[in-house]
Amino acid sequence: EAGVVQSPRYKIIEKKQPVAFWCNPISGHNTLYWYLQNLGQGPELLIRYENEEAVDDSQLPKDRFSAERLKGVDSTLKIQPAELGDSAVYLCASSFGGSGGYEQYFGPGTRLTVT
Amino acid sequence: AQKVTQAQTEISVVEKEDVTLDCVYETRDTTYYLFWYKQPPSGELVFLIRRNSFDEQNEISGRYSWNFQKSTSSFNFTITASQVVDSAVYFCALESYSSASKIIFGSGTRLSIRP
Chain A
1 EAGVVQSPRY KIIEKKQPVA FWCNPISGHN TLYWYLQNLG QGPELLIRYE
51 NEEAVDDSQL PKDRFSAERL KGVDSTLKIQ PAELGDSAVY LCASSFGGSG
101 GYEQYFGPGT RLTVT
Chain D
1 AQKVTQAQTE ISVVEKEDVT LDCVYETRDT TYYLFWYKQP PSGELVFLIR
51 RNSFDEQNEI SGRYSWNFQK STSSFNFTIT ASQVVDSAVY FCALESYSSA
101 SKIIFGSGTR LSIRP
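Those sequence lines, one after another, are chains A and D.
Just so you know, the first sequence maps onto residues 1 to 115 in this note's numbering.
Just so you know, the second sequence maps onto residues 1 to 115 in this note's numbering.
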């Protein structure tokens, strides 16, 4: 069974440029998460989808970040414009259920460097 | 508010030693879930174990064991006879029922096993 796929693995951009990350969850998982992980820290939730619906985006900086999950499968996270402080690893995860202690399966992440 | 504290930032032991990773959590909910995840150098977080708040039984899986104590709000993780392959960052996480599946991660403990 294929795991969570993310691309690109690495991205270097100049500040003020746009950037997008793509995630393909495990087949059959209806819940998808985007996390931000700073160096030496644990993941922090940005947004959670149940199928196509964003059920928790309270931590998403909506002035510059946006996300979509068309057809309830793949998802894209976008930053426009990027700032120096956005340099981090962006993790995508999926789970079979949305609440009730379901284990999450994580992708390898996209390491973003903003110069 | 929910909080997870992993006071040990880094631990280094010699192979075959036993090592315990501490996790202390805070929540006002009576229903919650606790997790441990492993993040090897490759970057993908890997699920290790889940415990719900009504199950205080300790668990052993091979060289891994977990001690859940509600009285001290702790969920500690012990590796017996450590191996070099155990080197990774380990995260403890909390999902409270009222937070509807928003997992709060600790800041992680970097474990290095020296040959």
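Treat the hints as calculated values from the structure; they're not laboratory data.
Please note that a few of the clues may not be correct.
In the DSS-like style, the derived pairs of lysine-lysine whose C-alpha atoms are separated by at most 27 Å in a straight line are [to be verified]:
#: 1; chain 1: D; residue 1: K38; chain 2: D; residue 2: K102
#: 2; chain 1: D; residue 1: K70; chain 2: D; residue 2: K102
#: 3; chain 1: A; residue 1: K78; chain 2: A; residue 2: K62
#: 4; chain 1: A; residue 1: K62; chain 2: A; residue 2: K11
#: 5; chain 1: A; residue 1: K62; chain 2: D; residue 2: K38
#: 6; chain 1: A; residue 1: K15; chain 2: A; residue 2: K78
#: 7; chain 1: A; residue 1: K78; chain 2: A; residue 2: K16
#: 8; chain 1: A; residue 1: K71; chain 2: A; residue 2: K15
#: 9; chain 1: A; residue 1: K71; chain 2: D; residue 2: K3
#: 10; chain 1: A; residue 1: K78; chain 2: D; residue 2: K102
#: 11; chain 1: A; residue 1: K16; chain 2: A; residue 2: K62
#: 12; chain 1: A; residue 1: K78; chain 2: A; residue 2: K11
#: 13; chain 1: A; residue 1: K11; chain 2: D; residue 2: K70
#: 14; chain 1: D; residue 1: K102; chain 2: D; residue 2: K3
#: 15; chain 1: D; residue 1: K3; chain 2: A; residue 2: K62
Are any of the numbered hints broken by this structure? If so, which, sorted upward?
5, 8, 9 and 13
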